[in-house]
Amino acid sequence: MLTAAVFLPLLGAFIAGFFGRLIGDRSSQIVTCLGVGLAAACSIPNFIAVALHAHPETVHLMTFLSSGTFEAEWALRYDTLSAVMVMTVTCVSTLIHVYACGYMSHDDSQPRFMAYLSLFTFAMLMLVTADNLVQLFFGWEGVGLVSYLLIGFWFKKPSACAAAIKAFVVNRVGDFGFLLGIFAVYFIFDSVNFDVIFDAAPGKAESAVTFFGIHAHALTITCLLLFVGAMGKSAQLFLHTWLPDAMEGPTPVSALIHAATMVTAGVFLVARMSPLFEYAPDALAFVTFLGATTAFFAATVGCVQNDIKRIIAYSTCSQLGYMFVACGVSAYQGGIFHLMTHAWFKALLFLSAGAVIHAMSDEQDIRKMGGIWKLIPVTFGVMTIGTIAITGIPPFSGFFSKDMIIESALASGTGVGTYAYVMTILVALLTSFYSWRLIFITFFGKPRADHHTMEHVHESPLVMLIPLGLLAVGAIFIGGGFNHFFVGEGREHFWGEAIKVLHENDSIHRAHTEHHNFFVQWLPLIVSLLGLGWAYLFYVRRTDLPGKLAAQFPDIYRFLLNKWYFDELYNWLFVQNAFRLGRIFWKIGDTGIIDRFGPDGIAMVTAKAAQRLRTVQSGYLYHYAFAMIVGIAVIVTWFVVGAH
Amino acid sequence: MSHLLQLITPALPEVFMAVAAMVLLLVGVFREKESTTLLTWLALAAMVVAGGLVIRSAPVTAFNGLFVVNGFTSYAKILMLVGAGLTSLLINSWAQREKTARNELPVLVMFATIGMMMMISANDLISLYVGLELQSLSLYVLAAYDRDNQRATEAGVKYFVLGALASGLLLYGSSLVYGFGGTTTFDGLATAVKAGPASLGLMIGVVFVIAGLAFKVSAVPFHMWTPDVYEGAPTPITAFFSVAPKIAGLCLFLRVLVGPFGNMIEQWQQVIIFISILSMGWGAVAALAQKNIKRLMAYSSIGHVGYALIGLVVGNEEGARGLLVYLLIYLFMNVGTFAVIMSMRVKGKNVEDISDLSGMAKNHPVMAAVLAALMFSMAGIPPLAGFLGKFYIFVAAVNAGFVWLAVVGLLASVISAVYYIRLIKIMYFDEPGTAFDAPDKLAGTLMVGCGVLMLVIFVLPSSLVDSAQAAARALFLG
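For the record, the sequence lines run as chains A and B.
For the first sequence, counting from 1, position 499 maps to 499 in the working numbering; every step adds exactly one.
For the second sequence, counting from 1, position 91 maps to 91 in the working numbering; every step adds exactly one.
Hints listed in this document are in silico derivations from the structure and should not be mistaken for laboratory results.
Keep in mind that the hints are not guaranteed to be accurate.
[Stated by the list, open to error] If you only want the chain B side, here are some residues facing chain A, beta carbon under 7 Å, derived:
1. Lys158
2. Met203
3. Phe222
4. Met224
5. Ala417
6. Ile421
[Claimed, not checked] DEER-style ranges, computed between Cβ atoms:
7. Gly203/A <-> Pro383/B: 46 to 56 Å
8. Asn306/A <-> Pro383/B: 36 to 46 Å
9. Gly601/A <-> Lys425/B: 16 to 26 Å
10. Lys441/B <-> Ala607/A: 33 to 43 Å
In this text the structure is predicted, and so the values were computed from the model without any measurement.
For glycine and all other residues, C-beta sits at the position ideal for the given N, C-alpha and C.
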């Protein structure tokens, strides 16, 4: 059953991918949905056995690589962390598969799409159940590849291709760091197997290595390198630029990959490597700082965007920042908890955004929507549920996980922890603002779309609404339902050995024991409500205010609208120079030197020589005889001269 | 009687062939009507018997040292007999089709073959010359066989005049060698050469001998006749030219240079390097500008001779092995290709332009596939036998320290790949032209057989390489 949960999606992907044209659209959908659905069905008993009954297990499949002392297995490691991830991934993925059947019904390569989705699910499951870093990297690259394929799914659209390439390249930067991290782990521990690494980690707490001429604390270097990988995959600041562009992919993809699962791989990695990170306080501080800063950055940008999917994308980026803050203050459990709740409500938000786009005849600009809540009440309802969840209003899911993170940040007591606390509070305000802004602009006010579009506004088919409903249920109850196990009293029993937190770092414990005054305790909720009010004021009461504000601070507005100019900076710094370098190699190096003196030159010379040789072949007998005589004369002369 | 039989036993295959050829002439005369087909099959049977006799013959030196039989000569004779046998079938089917069949046709092929067998086994410059002339005279007649065709007669005349010149050079060289070496027997010459540093006169004599032989194998700069004769002569006869005499000439080259003049290797090596490089280069470059496929094949064979001569340059057992492997593969490549060229007929008329092949893949997929395989093989691209041929030659060169020569060979084969692959491009990617007539059964079988053989040899080369190895060893022992 453990194996089935991982490999059924692969089977579905295989059938739909290779025989999709043969068996048709409908069968491909059924096969893939069935594969993922069965995997999800397996994952729940697995979760109960492994996590709730504290019974971790490892399934050995076969040896992957074996060379000298290096050994990597194919094995499925089932502990609480994997079980949580497997359950989240398969359940959300199943719902998205079903949703995609409806959403993509007008597309002409549905088998391919469904196969990609299933393949992605498989790769993600490989990632989370990995028993060693190499297998994890296999899954890591697998999800990266499928993400590339899915962003560029509509490969006839140039912007989709560009976004796909961008995602791939930016991820490669992160992957390079991750690879270096794996090398470092192998260098220090002489193994890539988790059990071996984790057992040996305390003993290596004081060792040092030289990296690029810098003599430094070994685990700090390793953890920082691993975190670079996590930054790439989880779209943290500096490596975040690909995520908003990735919205070029079909909406189910955005929901599955760029919100619920793949982007959380970085968080998972940090949590998985917690036994290492625990001995690298500097790395943890960096994780906290970067997470908090990303959360703030993405939230500010999210406030001024107008594309419905981009707003949610920045929101994802921001929420990932939260998760890293949690990991950074050693509240990994809180991070994973938020990961899980976020998967549900963010998938919900994305899919309902997809439903809105569907309803508005593929319009994505929220300025051209408005006044449609009566026309699509179900979509409006579930999207509001998602928004309540993300803004952290009790008793919805987001409240529990987000509150835990903010409290842990405060309880950690370190300087960077305090910074993170201030930031996360601020971000909670902004999150609430932009989320409600999205709701208000999209659903309320006067219709801003043309008549034609408005006439066609319609509720999505049942095959899309049912997944939305189920996700909404999850968005409401997951948080409250699992609070006890993930971060409450039952957490030690629940997590077992899966996550390691040193006692002095245990900020969740401290958050539970320390008591703050009423104000501090309820501050997240207060700012969230403030944000709601602010959005209500701006976009329902006084719709003239946002414009005035923007006019008042045009520089800040432009700065935010252009996403802090990261794209422009990178473009100027890397992309253009890379192109320039490429052009030099191409024009001067390749065409100018290699081609000119190589293939082209030789081809021209031989062609000319061939023509010349042809004229020698005159057809006259005496020419031929003459050639023979000359030939022999030359050879004899050579001999006579050479001999003396 | 038994004494006589014992005496001729070493040359039994040749004697048998000669008797059979004369019997066939008589058969032809006594059967009043034209009976070329029958004679061809009889000739083939005679070749098969002769082949059997060759295989059974034991190593021996006979006729007062004029004639030698060993593993090497047997290998070479088998190759020639196979080449002659296969092409005489092609020749007959062509002659029947063109209604030019005459009884002498298979007999001429037989006499040419006898000449080749004689010269391969020759152990004396005189007996070498006799064999060579028997071969050459038959070939001159064959070249001009289609005597009502202007181009064929022109080809015959050119071949004859230049061949006479080459024979003259060879004879002149032989007389110089005799003058400075004191003998014409190979064994005696070998002793003489071993005795001390070779005199200049002997060296010049050797150069002339080399020139004469180079003409026979059409190595540059003694190759000028080749394109004209290849183009002018009837296609299957060109096929015969490109196969049997080439094999005979190269084997003879090997025997003469490593036998009597083995100790002069430092001197003749330079000459052979010179003509080898010229041949490879000329064959590769000049072919680029050809429009007639038979002329293209002429330059192709010039190039192939260049590669094969690398094996001679190396001058050791490995080089000889490489050359022998090369010749065997070359034999089947050429027979297959000429079978295709013979089948290039539109409404009963032969066409020879490369552009006539355009789009053949659509009209004749099998024939196109075979020709494509053969061309890839000629270009030396794995997984086809042609790759192995070049591989063994180049390896031998590299092992003997001639890395640069191997590099030159590689470059030449890159250039030659251009025109081989251009044929494939024309067949597969150009707009289809007029479809060819369906190839006759014999040519079809032959081409497919040769095409398949290219793959088979590549997959299972060991027995072939072993026999070539044995032949090469026999050469250096005897």
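Hint check results:
no., hint, verdict
1, Lys158, "holds, 6 Å"
2, Met203, "holds, 6 Å"
3, Phe222, "holds, 5 Å"
4, Met224, "holds, 4 Å"
5, Ala417, "violated, 12 Å"
6, Ile421, "violated, 13 Å"
7, Gly203/A <-> Pro383/B: 46 to 56 Å, "holds, 55 Å"
8, Asn306/A <-> Pro383/B: 36 to 46 Å, "violated, 60 Å"
9, Gly601/A <-> Lys425/B: 16 to 26 Å, "holds, 22 Å"
10, Lys441/B <-> Ala607/A: 33 to 43 Å, "holds, 40 Å"
Consistency note: the structure conflicts with the earlier hints numbered 5, 6, 8.
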